[in-house]
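K.L.:
Protein sequences appear in the order of chains A and B. Sequential numbering of the first sequence, starting at 1, is according to the working numbering. Sequential numbering of the second sequence, starting at 1001, is according to the working numbering.
Just so you know, these hints were derived from the structure itself, not from any lab. Backbone N, C-alpha and C fix where the C-beta goes; we use that ideal spot for every residue, glycine too. Any given hint might turn out to be false.
Unchecked claim - Looking from chain B toward chain A, a few residues come up when the C-beta cut is under 7 Å (computed):
(1) 1007
(2) 1008
(3) 1018
For reference, the chains in residue letters:
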Amino acid sequence: MSPFDCDTDVLAQYLDGELPLDQAGHIRQHISECPRCAAEVGALISMKRSLRAADGHFTPAPEFRRKIQQQISRRPHRGWDLRLSWVFAALAVVLIALVWLEHPRHADAFTEVADLHVSALASANPVDVVSTDRHTVKPWFAGRIPFSFNIPELQGTEFTLLGGRIVYLDQHPGAQLIFAYKQHKISVLIFRQSSAPANELTDGGKVEKRNTFNIAAWNEQNLRFIVIGDTAPTEMDKLIQLIKTANE
Amino acid sequence: MDPEFFEQLAMPLFDSLYNLAHWLTGDRVDAEDLVQETYAKALKGFKSFQEGTNLRAWMFRILRNTFLTSRSGLAARSTSSLEDEEEEAGALAAHSITPESLLLRSEDRQRVLDALAELPVHYREILLLCEVEELSYREIADVLSLPIGTVMSRLSRARNSLRRLVEMPSMRSQHESV
Chain A
1 MSPFDCDTDV LAQYLDGELP LDQAGHIRQH ISECPRCAAE VGALISMKRS LRAADGHFTP
61 APEFRRKIQQ QISRRPHRGW DLRLSWVFAA LAVVLIALVW LEHPRHADAF TEVADLHVSA
121 LASANPVDVV STDRHTVKPW FAGRIPFSFN IPELQGTEFT LLGGRIVYLD QHPGAQLIFA
181 YKQHKISVLI FRQSSAPANE LTDGGKVEKR NTFNIAAWNE QNLRFIVIGD TAPTEMDKLI
241 QLIKTANE
Chain B
1001 MDPEFFEQLA MPLFDSLYNL AHWLTGDRVD AEDLVQETYA KALKGFKSFQ EGTNLRAWMF
1061 RILRNTFLTS RSGLAARSTS SLEDEEEEAG ALAAHSITPE SLLLRSEDRQ RVLDALAELP
1121 VHYREILLLC EVEELSYREI ADVLSLPIGT VMSRLSRARN SLRRLVEMPS MRSQHESV
């Protein structure tokens, strides 16, 4: 007679791997000697194998898996199609940023120039060097800005030179000359062409109306000239021609 | 544990949980409801889950407890209240079965699965946890919130009941044909 009285439950525990090692050894020995228990073990193993088929017997629907995945995802927008939408969102941001950077820059160049003009006129000291004499004004800029330019002879014209000052546009130094035409003031801004931040302005010196200002810009001798004021375009053009001639 | 890891750790159990849920409920819709609720509860309680403990057993327990309080779970329990009588009958029957007749051939597998589906739910679940999920008795005790001795005796009764059902397929098919 076996120590466990051919107990089916003990055989099942043996097969479940739940018996302590020494006891399992006894059972193994017993099975080899007892045909009844050997047959019982065979039946138990057969049933275990059959039950194993219950694994994966029911498979979840793919949509249901996705649903759960989305439900528990920390980042709620996972999944391929949603990942694609992230890409689109990122592209949109880049696009907006590009438009933002490029487009307003055009407007900004004008705004900044206009600001320089207006702030000079609004200032108690519109100019740093007060002189109608171009031979005084021009040397004053020498050493203050990293380039030089010519101021036209205004004798016999309706324009007068009021003076000049140093300005900065996008952290680049430049010269601002202020001319008067009757009661109107005109600013002429001169920068080095290489550092000129206002390249978005129309080139060629054609006078353009922007807001309430007339503005023109052109390049000459590696210099960038910007003229802004509220004078009529025809008068402005006369000054432009004078400056152009002086700097040819 | 950090909920960041929940998806990574819990999704691999999805197939097992669904299979178990379907075996318990016997119905796709109920199984999906059960699995969904299990994941929702597990995600909520994941912070309290101790790293290094058995996530599988932990989620099985949530699923099983959720099932017990569900509509289909309550229905299943009320029909299996005859447990004690069946146990006695099962125990007697097991003794009268000759071991030779229990040698199951591979074509008998479907019969075993059919029998499993017919078992009272507390027998079905313990057999699934032991034979399909291969949990240890200790893990099963955790999942079912039972003492380990009860796990062993219930498992024994479950196996006897299953055998009895497998042994009497002819009777069942006669019933069906009537």
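K.L.:
Evaluate each hint against the coordinates.
P.N.:
Structure-based check of each hint:
1. At its closest, the beta carbon of residue 1007(B) sits 5 Å from a beta carbon of chain A; the interface hint therefore holds under the 7 Å criterion.
2. Violation of the interface hint for residue 1008(B) is found here, the shortest Cβ-Cβ separation to chain A being roughly 10 Å, above the 7 Å cut-off.
3. Annotation: residue 1018(B) was flagged as interfacial toward chain A, and the flag holds, the nearest CB pair being 4 Å apart, inside 7 Å.
The structure fails hint 2 only (numbered hints given earlier).
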